[in-house]
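These protein sequence lines map, in sequence, to chains A and B. Just so you know, we're using the numbering used here here: the first sequence kicks off at 8 and counts up by one. Just so you know, we're using the numbering used here here: the second sequence kicks off at 7 and counts up by one.
Hint data in this document are derived by calculation from the structure and do not stem from the laboratory. No experiment lies behind these values; they were computed from the predicted model shown. Where is the CB? At the ideal position from N, CA and C, for every residue including glycine. Take every hint as true, because none was put in to throw you off.
Label-pair restraints from in silico Cβ distances: (1) 90/A x 85/B: 41 to 49 Å; (2) 17/A x 14/B: 22 to 30 Å; (3) 11/B x 84/A: 30 to 38 Å; (4) 73/B x 102/A: 20 to 28 Å; (5) 14/B x 59/A: 38 to 46 Å; (6) 11/B x 64/A: 19 to 27 Å.
Reference listing, derived: stretches of chain A covered by chain B, where coverage requires no fewer than 3 residues with Cβ under 8 Å from a Cβ of chain B: (7) 48-55; (8) 108-120.
Stretches of chain B that chain A covers, calculated by requiring three or more beta carbons in the stretch to come under 8 Å of a beta carbon on chain A: (9) 49-59; (10) 93-100; (11) 110-121.
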Amino acid sequence: EADIYQTPRYLVIGTGKKITLECSQTMGHDKMYWYQQDPGMELHLIHYSYGVNSTEKGDLSSESTVSRIRTEHFPLTLESARPSHTSQYLCASSEYSERATQYFGPGTRLTVL
Amino acid sequence: GDSVTQMEGPVTLSEEAFLTINCTYTATGYPSLFWYVQYPGEGLQLLLKATKADDKGSNKGFEATYRKETTSFHLEKGSVQVSDSAVYFCALSGGRMTGNNRKLIWGLGTSLAVNP
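Pulled out of the complex, with its shape left as it was, chain A reads as follows (with noise of 0.2 Å):
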């Protein structure tokens, strides 16, 4: 069973506004994901770690930043929300094996007005 979670599961919050996501994981996994997800269904990787001090970005250009400064810890920070943020945010992590499985927190579905 995946340990990893993710907060809050909603929010709506207002142009400009700065906000953080938080992800956690309990599996001591070294690698850990962001992804975005349209709303018609597609990810796109955002960012990634390989482990504590190490953030890469993704394959869709993002304004978001991320930071991993504990191996269980990957919050995701928009300093200024935009409508165009809009979206559902995923959070995963694996072992670090190119092959490993990825496991999936609930998701943050971020609405800003």
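Fit chain B to the known structure of chain A by using the hints.
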């Protein structure tokens, strides 16, 4: 580069019908192949996987066989239930093009609706 192509949805079936969702891939090397499922309002979860040619992954009545000769990993279930209504994603990792980044390459997802 490596890629995954899966059939477009939505797929609508009656309960107890046979399900096939096609997935084909392009990759160099010897990738691992995965099917993930996303139930409404939830994150994705691994449904099954196969790590080498001719392997069959199976779980919850779903099956998929890694066919290197046809570069396919089609998902099948003999008798679907209403509770199988979800979005299904095919993915690959470990191909030569993805190896260094250790990322999954995702299909676009196929929505399945099963009616009682």
